[in-house]
Structure formats: structure tokens, C-alpha cells
Amino acid sequence: MPRDIQLLIGGEAGQGLVTIGQLLSKALVRAGYEVFVSQSYHSRIRGGHNTYAIRLGEGPFFAPRESIDILVALNAETVELHREQLTGWALLIADSAFDPDLPGTISVPFAELGPEPLWNTAALALLGNILGLSLEPLYQAVEAMLGKKHPEALAENREIMEKSRVWAEAHVPEHDFALAGGSPVADRLLLNGNEAIALGALAGGLKFCAFYPMTPATSIVLELIAHAETMGCVFEQAEDEIAAVNMAIGAAFAGAPSMVATSGGGFALMAEGVSLAAMTETPVLIVVAQRPGPATGMPTRTEQADLEFVLHAGHGEFPRAIFAPGSIEACYQLTQKALALAELSQSPVFLLTDQFLADSARPVAPFDPTAIVPVRAGAEPDTAVTPYQRYRFTDDGLSPRLLPGLSTHLVVADSDEHDEEGHISEDHGVRIGMVEKRLRKFALLQQEAIAPELNGEKGADLLLVCWGSGQGPVQEAVAVLRDAGRSVAMLHFSQVWPLVPAQFLDILQASGKVVCVEGNATGQFARLIQRETCFAMPSRIARYDGLPFTARYILARLEKLIAVEARP
Amino acid sequence: MTSIEDYGKYETAWCPGCGNFGILNALKHALVACELAPHQVLLVSGIGQAAKAPHYLKANVFNGLHGRSLPVAIGAKLANPELTVIAESGDGCMYGEGGNHFLAALRRNLNLTILAHDNRVYALTKGQASPTSEQGFVTKTQPHGAFAASFNPVAVAVTMGASFVARGYAGMPEHLAGLIAQAIKHRGTALVDILQPCVSFNKVNTFQWYKEHCYELADDYDPTDHAQALGTALEFGERIPLGVIYAMEKPLFEEQFAVLKNGPLARQEVSREGLRQVMQGYV
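Protein sequence lines, in the order shown, are assigned to chains A and B.
Letter 379 of the first sequence, counting from 1, is numbered 379 in the numbering used here, and no numbers are missing.
Letter 190 of the second sequence, counting from 1, is numbered 1190 in the numbering used here, and no numbers are missing.
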């Protein structure tokens, strides 16, 4: 069985390429294979050049590959754009109407097989034939998608799938892409990063989310809304991001575990809300799905350039925590952790993701719904000291948070500096007390901080440092280097603030060469590490063209870095 | 039974003779008339002299940012529909910085009350023109007089079909208390725009000026007649009508969320069975 096949479906928006990709991925996962799905699209509804890529085989896979083994071209442009990426043994499935005349071309007379709206299911059947999947799981996937909404369309889809299958058996040349030995695995979930964030939030006890649509964060909210009734949540599209974050704060104040989800531009509008949550000590989860900036930037592409922005957004001084999941599982788990930590620390807590992770899907083992401990908002009223003071001075800076209206205690919160009761105060002594009380909560955040994960041995010749979505591609690059006999390790941060040097500084110091791999132009994380530890990482691999890291990209730059430094 | 004493007495940061005193007093009387205890009430305000009002009576309070009383109030109401939620701020906060939220709130129609202290000037920042300042209103920042047309919140609200629109006057606290009580009892978003003299920074719209221009709507005025209400709302100049200008029962925003029938979100468990079903959808 082939270990690693990169399949790419390309065409215009509106041609149904995502449908083919999703159905095929689902069928593959059910049949027991590994997949890694990545998507690339333009900021438009129709036209443009979009791709849906599935890396499939034995895996597991944690990143896309740049070279292509099977290309499905729904238009001629796809062939032109991707011909350089084709491997020597690649197959190219294209409509006979624009026969590309390249080796490995399978010229399909789609028009003879059926009407145009069904060509995507025809392509699905062809791909199934090439990969050695039987028609049944593919048809089941089609049925699951169409069955409820368009049962009338099932028969014609079945017909064209069977016709395509017969055509494929007669016309597909010999190749080496037939999968074998897959044994169905029950209950795996095929999730992308944003779906995993939404599931994590629901499992973690989220009850309220306000949002203003913005790519690549919107799909988090779409997932939430799809399950709103089942899970008993309230989700509202606000008039703007300022309203969204203020609504979430209002809901959290009144006891609903709350979040907002946006991208850099929307978060820029929310900055005042970060400060408000900090001052009023209201828990709120803020998910920022990064895309390249400044300003509108590249709406549908990826980057890791909002780290410093999220770290510093909001006027005044106050503690915060920032998580940066690197895998689908981490998206699920860290969203729960972030919701819980927001409540525990009565502070704004962030989850920093990006378009690459948002749109990347992988099968994961099912999460155990009985294992979760949903966040519970507020303290029990009978535990409160009378007279109740919302901002009572305490050793750890945490004052009992009662919820308004759930007892006869009155809860007073203020964006002005306030006294223990919550009323406006311009007293300088009170001011000092309150600043220090808020900052004392930083100790809790440090104590709760997740240590970076070391993959490999401490003291390796080469250490690749990365954060957030860099994990998958760097992990693959590390595996390639290890196979070549190199001593190499990876240090991945899934929490980028607060940094606790005791958790990792010795690893940095013990390593031979340390290279920071991050998706921005200026090395924001490397700079943050240096600021916090005085450990400098002058060797960096940056990417800021809007595309995600791949192992090949990292390895090519690494080779250059090492060659340059080896020069006398 | 709740009494006026239950709502407490506080020292304020307001100028002697400020219209805010009358409004605060009217609000307390309205809350008592509605038989609400302080813990059942959440007052949400923004920033400005009016936005300090919630600090001067006993209740649950969220004193947020400038312009943002409404989104916070909406979030809180959606988290706990059992709370009586009142958004209270000045004209600059409610109609200027928070203008977009004002329009969106009227469109949504949650069961909450908006009290806008409308003194037609920015007082806390010491006397700049506000959205409701008269055209030609001279200030240090508008030395040649405010050029922009004056915002008529009542007309905008009636035009948008807001479900309860009233105008009161700080100089008539009893009449105002009646309006606020009606607004609180109304099922839907209720706006009470409250005309208010600013003794320090508005030397045009004084107590005397309001006395000369305001009149109470007649007893037989029908606030459910939208066309008539539009005409009444546009009347703002030589004569200024006070009272409930438009009122109409409309579907409540929060009723679209079945979960809110079970009360506050804070005390609703996460359904493990629901979660299991949701996850099954990704298999």
C-alpha cells in the first residue's frame, strides 16, 4: 500500500470541488485510512482558483505536501497552475474538453457520463476506483449528505457513479495508487481546527457567543450555531465586533460562559473590550484566527503575525493568558482549558489560531463526553462574606464572583477604577490596592501555564522551536532529518503567554543549534522568548507569503541556513 | 414590599441643580412602583455624568465603557432573562458613541429599558456639542455653532418601529417616574428619552426653556397609531411633546431561544447526551 499520496482537486469556486473532497475524505476515514485535508481558496463566491488537498495513506499526516500524485483538474487553469508540482508518477484527471496532453493524463468524457451538476460525484467515483475503494462507502457518504435534503437526487447520483466506475475500469492506465489493507476504524471524527474549537467550547460549557462574521473565524461560529439548540446555547450576530465583545462580557457578567471569535481586523475593534474584561474582572474567551495583515491583508490565507498584537491589545496593565493549539486535538482541549481558565482567573483569555489550522482536517480518536468538566460560572452565594464586595481584596487577587440576580447580594462592576464594593473611586490608595490585586492573578496564570512539548532528546544538535500551527509541518521536517540520521528535536509551545522560563530555558541552552520557525516576517515569538529569558535565537525560518509551512519549505531553508553558517 | 429607602441614598458627583437628580429620583420611584427589589434589577451604563447614576442607588450595576451600555445590557439579558435590565446613559453615550448599538437594539426588541439622559451637551468633558445639540449651538469646540443637524432619537425610534418610545423631562419627576414605570413594564425594548437641563454647560436649553416648550400629550392620544406617532415624534422645536409617543406589542427577541424558557444560562447543565449526538455528526 502506498504510504503517502497527495491528491489535489482544483477548480473555480462553485464547481463543487469541496463536496468531492469532503465525501472522499469521509469515506477514507471510515475505511480506516489516514488523511490530512487542507484548503486554499480566494475571497470570492464564484470563480478564482480554489483547491482542496487530501494527503492520504498510512500516515498519520500532520501537514500538507507540496508535490502532487493525483491531480483532479476541474478546469484548464488548474493544470497550468499545478503542473510543476506533479510527481513523475502522477495521474491527472481532466475533462476531455480541455485535454492537457501531459503524461499520466486520464481524459474523462464527463459530458457522456451525465449532466454537469453531477460531474463532481462522477469524479468522486473515478477517484474511488483509482484508490481501490469500493463504491459502497462512497455512495454512503453521498447518501449521508443528500439523503435528508434531496432524496430525489440520490438515484441519478448513484447512476453516474456506477457509469464512471465502469468507464474507469476500462480506461484508467496502470498505476500504483490502489490502497490496500485498510481496516475500518469505528467512531473516528474527521475535524478541522475550527470544528474542534467549537466542539471544545461546547464541551467546556460555553453558553454564549456573539460575533461579527470574519474569515477565517466564521466557521467556528457556524459550527456552534448548528448545535445551539441541542446544546442549549445562545449565539448572536452582533452589529459589529465592538458590540460582540461587549455582549460577551455582559453575558459572562450575568453568568453565561462566553466567547467571541474573530480575526485580526475584528479583534482590532475588540481591543477596548479586552481592557474592559480585565478591569471588571469578567471572564471571556477571545478566539483570534489569524490571517495576513495589515488591514484587510489576505483574507483567506494564513499567517502567525498577530502574536504581539494579542499579547499587548488593551490599554492599561493586566494579566492574560494566550493559548496557541498546534493540532486538532489541542484545538479541542485548549478551548476547554481556556474557558475554564478565564472563569478561574476572572480575566480575558485568548486562543490564537490561523487559517491553516482552521481549514486543516484530520481524523482524531473520539473525545469522551463523560470525561469533561464544564466550567461553572460564579461562586455560590452562600459562600460570600456579608456585606458582599465584588472586588474584595484577597491574597491571590481573586474575589468571589457572584452573579447578579441569583441571590439578594448586589453585584457592582465598574470600568472606572473602583473600590472593593465596585463603586467609582479616585482614591490613590484604593488605586494601588486594585492594580496590585489584579496583577496578583498573574501568579495563577503562571502556575496553570502549559509547558512546551519537547519532541526528541534534550541536548540535540539541532532544536526547532515553533508555536501554534507550526507543530505539524515542523514535526514532519524533524522526522525527515531523523531518518537521515541527524540529531534533532522540536520544542512546540501551545501556550505562548505567560511564558515560564523554568519550563524550557534549560532545553534551549542544552541544544546545539536553535532555530525558530514561525509564520511571520519579524520573528515575534523569537523576540518574546528573548525578552523573557535573554536567550537569543538569531536563526529563524520565517514564512509570510500567506501559505502554510510544509516540511519541504522548512528543510530547504534549513539547508541554506546551515550552508551559510558553515562558510569560512 | 419594596420601599424607596431600599434603594438607598448616596453622595453624587453632580452639580447642584443638575437634571440628573430628578431622573434618579424618578427611577427609584418607578422601581418601587414596579415592586422590584434591588437584587432583581441590573443597571448597565456607559460613561458620562448620566452613566454615573447607577452608582447612586442600590441595584446590580455594570458601569461599562463609553457608548457600550446596550451591548452589555443585551448580553446580560440573554444570559439571565429573569433580570430587569435597564441601560442608562447620556445622549453622547447612547446616540453618539453607541449609535450603531442603539439602532441594532431597537431592531432586536429584547425586553429591556433604555433611559437616555438627554441634556444635549457633553458635560463630563466640559461642554462640547452632542448629537442632540441644536444646530448652531456654540461651544468651545464648535465656536461657529454646531453645523450638523440635530439627532431626533424619538423620531428615529418611531420610524424604526421600536415597540415603546417615550419622552420625559427631568423637571417633571412624577410624570417621568410614571413613564419609566410603564417602560419597565412594557414587554419589549422601551426607550425613554429624558430631556434634562445642564446647569453648567447648556445655557440654551434651561429649565425655563423646557418649561416654555414642553407640553404633555393629551389623555386621548393613541400611542398605537403609528402614523400619528410619526408626526408627534417629528414635532420638536417650538413645541415638544412629552409622554408615550408610540407603543406596540411586538415579538420578543429572546423568545427565539428555547433554552431561555428554562431561566438563567448560568444554572443550566451541559448535556452529555447532546454532546455525544453532536460528536456523532463528525464520524
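Just to be clear, a hint being listed does not mean it is correct.
Below are the SDA-like pairs computed for lysine to any residue, each with C-alpha atoms no more than 20 Å apart in a straight line [what the hints assert, rightly or not]:
1. A/437 with A/421
2. B/1185 with B/1252
3. B/1009 with A/229
4. B/1261 with A/423
Stretch-level coverage of chain B by chain A, calculated; a stretch enters the list once three of its residues show a Cβ under 8 Å from a Cβ in chain A [said to hold, decoys possible]:
5. 1079 to 1085
6. 1098 to 1107
7. 1167 to 1177
8. 1226 to 1240
9. 1256 to 1263
Hints were generated in silico from the structure; no laboratory data involved.
Here a beta-carbon is modelled for each residue, glycine too, at the ideal position from N, C-alpha and C.
Hints, one by one, checked against the model:
no.	hint	result
1	A/437 with A/421	holds, 14 Å
2	B/1185 with B/1252	holds, 14 Å
3	B/1009 with A/229	violated, 44 Å
4	B/1261 with A/423	violated, 33 Å
5	1079 to 1085	holds (count 4)
6	1098 to 1107	holds (count 4)
7	1167 to 1177	violated (count 0)
8	1226 to 1240	violated (count 0)
9	1256 to 1263	holds (count 5)
In this structure, the hints that do not hold are numbers 3, 4, 7 and 8, in rising order.
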